[in-house]
Each structure stands twice: as structure tokens, then as C-alpha cells.
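Given chain A's structure and the hints, the job is docking chain B onto it.
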Amino acid sequence: MTTNGDTAVQVVPVRHFGRWVASFFAVIVVAMLIHTLLSKIPNGQVACQTIDAVRTCHNVVNWRFSWNVVFQYFTVTEIIQGLGRTLLLTVISMTIGITLGVTIAIMRISESRLLSSTAWSYTWFFRGTPVYVQLIFWFNIAAIFPLITLGVPFTHITFFHLDTVTFFTPFTAGVIGLGLNEGAYMSEIARAGLIAVEEGQIEAASSIGMTKSQTLRLVVLPQAMRVIIPPTGNEVISMLKTTSLVSSIGVIDLLGAAQNIYSATYQVVPMLIVASLWYLAVTTILSIGQFYLERYYAKGALRTPPPTPIQRIRSDVRGIAAKFRTPRPAKESR
Amino acid sequence: MTTPMVSAKGVTKSYGAVDVLRGVDLEVARGEVTCLIGPSGSGKSTLLRCINHLEKHDAGELRVDGELVGYEARGGKLYERNDKQICSERAQIGMVFQRFNLFAHMNVLDNITVGQIKVKGLSEDVAVEKARALLERVGLSGKESNYPSQLSGGQQQRVAIARALAMEPKLMLFDEPTSALDPELVGEVLDVMKDLARSGMTMVVVTHEMNFAREVANSVYFLDQGVIEESGDPGQVLSSPSSDRLKLFLSKVL
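Sequence order for the protein chains is A and B. The end of the first sequence is residue 334 by our numbering, with every number in the run present. The end of the second sequence is residue 254 by our numbering, with every number in the run present.
Everything labelled a hint here was simulated from the structure, so no lab data went into it. In this text, all values refer to a predicted model and were calculated from it rather than measured experimentally. Every residue, glycine too, gets a C-beta built ideally from N, C-alpha and C. You may find that some hints are simply not true.
[As the list claims (entries may be wrong)] Which bits of chain B does chain A cover? Going by a derived footprint, with three or more residues having C-beta under 8 Å, they are: (1) 74-88; (2) 91-97; (3) 104-116; (4) 146-160.
[Claimed, not checked] DSS-like mimics (lysine-lysine), calculated; alpha carbons at most 25 Å apart, straight line: (5) K56(B) - K212(A); (6) K212(A) - K170(B); (7) K299(A) - K118(B); (8) K212(A) - K120(B); (9) K212(A) - K118(B); (10) K84(B) - K212(A); (11) K143(B) - K299(A); (12) K170(B) - K118(B).
[Unchecked claim] A few chain B residues that don't get close to chain A, going by computed Cβ distances all over 12 Å: (13) S7; (14) Y15; (15) E67; (16) E129; (17) D182; (18) R198; (19) V227.
Chain A extracted, bound-state conformation:
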């Protein structure tokens, strides 16, 4: 409602016909999806019963997506253990990846050409070869280096050695392969964050006498985090699922456990659904964590931080409640 001089004029909002049509089709598609998820199909068996000498038969139906099987296997020990291994792999690989990534990013922006080109080469190599190949390589490392020794390079002096086979279990190979690969991707993310910090911030830190490492720790990294967090969250979620590659080198992770079960029961799709639901659940939790982490590191960058989902729901509810409480002023049109 707006006023045109003294008279109040009724305002007709723009009609979004295209949006209505698109919404209609979206609703149809969603309805079809829900319908098929909840549908039942004959499983080929016929059940017959005889009541009062009358024999009646009907086709037996099952959930199309075998929800009963999904439910039955959802929390079996093998799956939960696999999930635990997947989470452990994700946490360790990401820790290695982030630590390596930040280190390599700092080397990359170093004034030393040797350090920066070493960092560049690392990223070039590990980003340029498939992670699957790298995993298989680390799994077979014992064939190339049967012994791991600690000593003085280029001499025969050794302090300590151990068999590669005993150290490089499939799990270790998985963690190292995933971590080193992740380091290459994380280094680019960290570098983007570091160069996004204004030059003036570094000058100001220098001007009050901070050393280079203090400047990095106290001024540059905390501000770089704002840029680093969102893509890192993406990497964590991506890593959660990339860990499933380790099932090919003999680590029984979430997917590996599901595969083990379906190779015995032939319930392929239900077991894949079990695994997928767990991946989805963990991803959901990680996304929530990412939101709050982003909010934390946004301090100072935004005048008012965005509301949390809970705050948003609360203010929506309050808004709707307010609408009902105060009677809307009657439309005047003269």
C-alpha cells in the first residue's frame, strides 16, 4: 500500500507465471520421488492360504527399496565398525592434509625461490596423479623400499630400521596416501587465504615490531581462516567419501563393510543405501559444524554476523506470531 498524494492506492504485485509453472512441475517430481521411495513391488513369490476350503492366493509384495533390510542392517556391528574406521581415516588424513597444506602454502609464498619451487612441485605432483593410483602405490611401497631406516643420508650410518611391511599396514598406507594427496589441494586453499589478507595488515603488524612468525600467527592466519574455512569444509566432506577408495587396498571402511555384507547376502542396493545414509548423516553434522566455524572466524569482518538457523527460525516464528496478534489494518481504498 502506498500513498499517491492524499489517496491510498492499492498495489498489485507482479505475477510470476513462469515461477508458478516451474513450482508446479517441481512439486510433481518431488511427489513422484516420494511415491517411488515408499512403493512396494511383487517379489515373485505367491502366498496362498485356505480358509473354509476356499483357497486364495496373492502376490507377496516388498518395499521397492527394501527398507526392512536397510533397517535390519543399519546398526549391525560390521557397519558401525566400518563407520568408525571411515571417520578415523577422515580425521587423520585431513589433519595431515591441513598441516601439510598450510606448511606448503607458507613455503610457496616464501621469498626463497628454492622453498617456493619445492612447494610448487609438491602440489604439481600430488594434484597431477590420481589419488587411487597414489593409494595403490603406498600399499605396494614395501616392494620398492623393503626397509625404513633412520640415519645419515648418503652414508652407511643408520640408527634404526624397521620392515616396511610391518609399518605400512593397509590403514597406514591409506592414511598416508589420502593425507599427502589432500595436502596438495589444501595448500592451494591455504594460499588463497594467505594472499587474501591485505598487505596493510602485515605492514601494521611489522610497524609495532612483530616478527614474521608472529605476524603470520597473530594477524595473517586468523584472517585467512575466513577464506580458508568454506573450501576446507568442502574438502572434509569430499574426504569422507574419498576414504571409500581404501576398501580397494583392504581396509574395511563403511563402504567395505557394506560390500562384505552384500557379497554374502546379495542385498546390494539395500546395503549401498545403508552406507549412503550414514555418509549423508555425517555430512549433515559436518555442514552444521562448518556453519558455526565460519561464523566464529567472520568476527570483525561483518558488522552483524548472520543469524544461526535456530535464531532465524525463532525470528520467523515471532514474526508470524506477531502477525496474528495484531489485527492487520483494514485496507483502505477510496
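Just chain B now, with coordinates in the frame of chain A:
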């Protein structure tokens, strides 16, 4: 005769083929305010940044408080100072930037205490007490928990001055401290600077505020194309300039 706080003799600096400073001589006595004026690109900011070694000068002698900036003279040789030595030199020289450069992720109080705690090694209590006193001095009590983005330009610049003063510097450098401010906010920053000048702080100020220079400065240096074209008493230099370049410059800015 006491040693001057800053003395430059034949200081040069070039970026590739561009000569920014071409033999600058300058002397700043203790407790005095020196203003550097000149057209943009004349090298005044570069000279200021050389004084606390944010830029490395190429040749010439630059001393702060009698000590060579960035080098140590021993046995007829100049030894380049390491990162740590340069940092401790810088900690004694306050700098205020055109773009304020407050630490964006820290609130006002942390901006003023971080240097005291991490560089000078003071306890948090002492640092906070000092910070509160300085905030009162620059007229910003009660803004402790605000972030820089929540402050006006004038307020940010006053916090930046407080941050520099918290290190108890023997010399303050101002790099066009009011150039990024809205006209109505310039006054509040200049007032703080005048107060500082009255308290006996040695200051080198790159500025376009000719009234400030006339009112507060003990001496004015006019730089043009990397050399000091004219210098002396502000009344003399600004009211009756002798060189044509300064006359031209003043006719544009006044």
C-alpha cells in the same frame, strides 16, 4: 649537541627504473614535529617508510636516534640487521597509516594490547590498563569491544594512534593520516595529533593539511621528484615560498 631523532644524508631509493628518492637530506630534532609535503609520487611516503625500514633504502645514511636503520656499522663494514633486530627497532617507532590498518579480526582493546603483550612481553593486566588510558586520551572510552568495521574512519584512525602509542615509541610516523577520511572527521584526528605534539612527542607527518603544518610543525620539508626542494620554518616555507614548484604546489592545495 644532542643527536637528532632522525637524520638522513643522501638517501636514495628506486623501484626498478623509477628513482623515488634521489638523495634526500633531512633532520628531525627531538620533541619536534616535522611535516613532509609535496605532490603525490614525490617520495614522501617512501621516505617515511624507509625510516622504520618497511622499505629498504638503496644508498645514503639514515639514522634513527643515532643508530643506522637496518644496518650495524662494525669495523668499517655494514652488517645487515636480522629480522629480530629490525623488529625491536620498529617496536620503538610508531606508525600510523593512511588506511588505518587496524587488525580486522581483533576488537579495539585487543588491537591496542596485542603489541604490548606479544612484542614487549607485558602482562595482560598492565596492557589492558594502558590501553584503557590511551582510549580515554583519544576520546574513545567505551569502544573497547567494538571491531574496526563497526567504527567510523576517524575513530579507527584514533584507535590506530592509540595502538602505536601503546608501544611507548620514541618517534611517531604519520603517513597521510587524514587523507582517507571524510572531511568532517579530519578534525578529530588532527586534534589528537596536536595533543600528542604538545606532549613533546617527536613526529614526522606526511600530510596535505597545510593548516596543521602551519600550526603545529616546527619545520616543513617540501619534496618534489625525490628531492627536498625547500625546507625550513613552516611560516617561511608556506607563506613565502622561494621555488616555483612549491608556489605551484601551494596554489593547488590551498
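Outcome of the hint check:
Coverage of the region 74-88 of chain B by chain A holds. Counting CB-CB distances below 8 Å, 4 residues qualify, and the rule asks for three or more. Chain A is given as covering the region 91-97 of chain B, and this holds because 6 residues of the stretch bring a CB closer than 8 Å to a CB of that chain, at least three being needed. Judged by the Cβ-Cβ criterion of 8 Å, the region 104-116 of chain B is covered by chain A as claimed, because 6 of its residues qualify and three suffice. Counting residues of the region 146-160 of chain B whose beta carbon lies closer than 8 Å to any beta carbon of chain A gives 5, which reaches the threshold of three, so the coverage claim holds.
Straight-line distance between C-alpha atoms of K56(B) and K212(A) comes to about 16 Å, which keeps the hinted pair within the 25 Å bound. With a C-alpha separation of about 23 Å, the suggested pair K212(A) and K170(B) falls inside the 25 Å cut-off, and the hint holds. Proximity of K299(A) to K118(B) is assessed by CA-CA distance (about 21 Å); at most 25 Å being required, the pair is judged to hold. Of the pairs offered as hints, the one joining K212(A) and K120(B) holds, with about 15 Å between alpha carbons and a cut-off of 25 Å not exceeded.
At most 25 Å may separate the alpha-carbon atoms for a hinted pair to count; K212(A) and K118(B) meet this at roughly 13 Å. Of the supplied pair hints, the one linking K84(B) and K212(A) holds, its CA atoms being roughly 9 Å apart against a limit of 25 Å. Of the pairs offered as hints, the one joining K143(B) and K299(A) holds, with about 16 Å between alpha carbons and a cut-off of 25 Å not exceeded. With a C-alpha separation of about 19 Å, the suggested pair K170(B) and K118(B) falls inside the 25 Å cut-off, and the hint holds.
Its beta-carbon lying about 21 Å from the closest one in chain A, S7(B) satisfies the requirement of being farther than 12 Å from that chain. Chain A leaves Y15(B) outside its interface by the beta-carbon criterion, the shortest separation being 15 Å against a cut-off of 12 Å. The Cβ of E67(B) lies farther than 12 Å from every Cβ of chain A, with a closest approach of about 15 Å, so its non-interface assignment holds. For E129(B), the non-interface assignment is confirmed: its Cβ lies about 18 Å from the closest Cβ of chain A, beyond the 12 Å cut-off.
Against the 12 Å criterion, D182(B) stays outside the reach of chain A, whose nearest CB is about 18 Å from its own CB. Non-interface status of R198(B) relative to chain A is upheld: no Cβ of that chain comes within 12 Å, the nearest being about 24 Å off. For V227(B), the condition that its CB be more than 12 Å from all CB atoms of chain A holds, with the nearest at approximately 25 Å.
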